[in-house]
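Peer 1: The lines below spell out each chain.
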Amino acid sequence: MSVSLNTVCVMLRYSDSANQQCLRAAALFSDEQLDRPFDMGRGSLRKTLLHIQAGENVWLQRWQGRTETPWPDEDVKISIVTLSESLDRTVAERDSFLKERSDADLERAVAYRDSKGGLFSATLGDMMVQMVIHSTHHRAQAVNMLRRLGASPPELDYMTQVRRPA
Amino acid sequence: MRIERPTVEYAAEERATLAAAGLIVGKSIESPAVFDMDTIRRYYRYSDAATDRLMNIATGLRDDALDRAFEMGLGSLRRTMLHIRDAECGWLKNWTEGSTPGFETLPDTTDLAELNELFAVTRERRETFFSATAADDLQRPIVAQPREGMMLRFRLGEVMLHVCTHGTHHRAQAVNMLRHVGAEAPALDYVVLMYELGSAP
Chain A
31 MSVSLNTVCV MLRYSDSANQ QCLRAAALFS DEQLDRPFDM GRGSLRKTLL HIQAGENVWL
91 QRWQGRTETP WPDEDVKISI VTLSESLDRT VAERDSFLKE RSDADLERAV AYRDSKGGLF
151 SATLGDMMVQ MVIHSTHHRA QAVNMLRRLG ASPPELDYMT QVRRPA
Chain B
757 MRIERPTVEY AAEERATLAA AGLIVGKSIE SPAVFDMDTI RRYYRYSDAA TDRLMNIATG
817 LRDDALDRAF EMGLGSLRRT MLHIRDAECG WLKNWTEGST PGFETLPDTT DLAELNELFA
877 VTRERRETFF SATAADDLQR PIVAQPREGM MLRFRLGEVM LHVCTHGTHH RAQAVNMLRH
937 VGAEAPALDY VVLMYELGSA P
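If you read the protein sequences in the order shown, they are chains A and B. For what it's worth, the working numbering labels the leading residue of the first sequence as 31, then goes sequentially. For what it's worth, the working numbering labels the leading residue of the second sequence as 757, then goes sequentially.
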């Protein structure tokens, strides 16, 4: 069982769209609301969204063989607009990287150092799936925070993006 | 090319704020209609392992911990785990038997030992279905009736992926609930679990 580029791209596009929906909802909140403490995940909506963006960027660097990519500081008070722009840059860099890849590339093992200092290796395909699942996991926390802050939380089901009237 | 439909309706003032910030609502996305069974099976392998990890911990908890109310998702750990199984079972039934209105749901009082057995039954039936499913089948249209009078259409491959992302979303809630009831909150990282399953280099 290996991972194919086409299916990974479907997953990545879903993830991109879900990230943007969360960022749009968060953009309507004040700094106080973005930093309100929650006993969940990274502890606030801003930190959770930053963690998603950081994860996408760190994993992308690891895909490209940058083994020693440190996890960035997540205590910075980044604005949602700046965060969205950072994510857009990551997506653009990722798409350029994907254009040059084939299914065979996804079976190649790549070494990376994790955030706790351990040295590991995984196939490029698995590292791509990891990125999507990591973001999906933390979006569940972000949606809960959005709802508790009073937003109409976005409906992030993959189905809502692909369904058509029968 | 399909146009993404925003799932939240923003007021005019909110739309203006988002547009000014460059967060335009209703951005186009292109969706390649290509899926493959290997990737999907791999996602299910992870998904099953992650669910098992949660169930192994949850099964050792008392009823008051399983039913403790949370302002999140389905509202309790037990109901969250039931919901993951209901979705897996309901969609599998749709793929194999066709569409019926709504999904059958297990009672809120279902014992977790019983739920473990039901997860196993669903996986066995799913494996039989997967073994008979080829790449071309993933383009097959699926019709679902979330409620009476509402009919939606998907590709089989899309719904298969949906079941996994749905599980990932709700497992994140379950991890948080486990932590709040004082139980071990397991790490569910994909690369870690696949390595432990012997499915990674």
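Hints listed in this document are in silico derivations from the structure and should not be mistaken for laboratory results. Predicted, not measured: the structure shown is a model, and the values here were computed from it. Check the hints yourself; a few may be wrong.
Unchecked claim - Pulled from the structure, derived: some chain B residues nowhere near chain A, Cβ distances all over 10 Å:
id	residue
1	794
2	795
3	832
4	866
5	874
6	893
7	911
8	917
9	939
10	945
Stated by the list, open to error - To spell it out: a stretch of chain A is covered by chain B in this simulated footprint if at least three of its residues, at any positions, have a beta carbon under 8 Å from a beta carbon of chain B; those stretches are:
id	region
11	32-43
12	60-74
13	91-99
14	183-190
All residues carry an ideal CB built from backbone N, CA and C; glycine is no exception.
Peer 1: Can you name, in rising order, the numbers of the hints this structure does not satisfy?
Peer 2: 1, 2, 7, 8, 10 and 13
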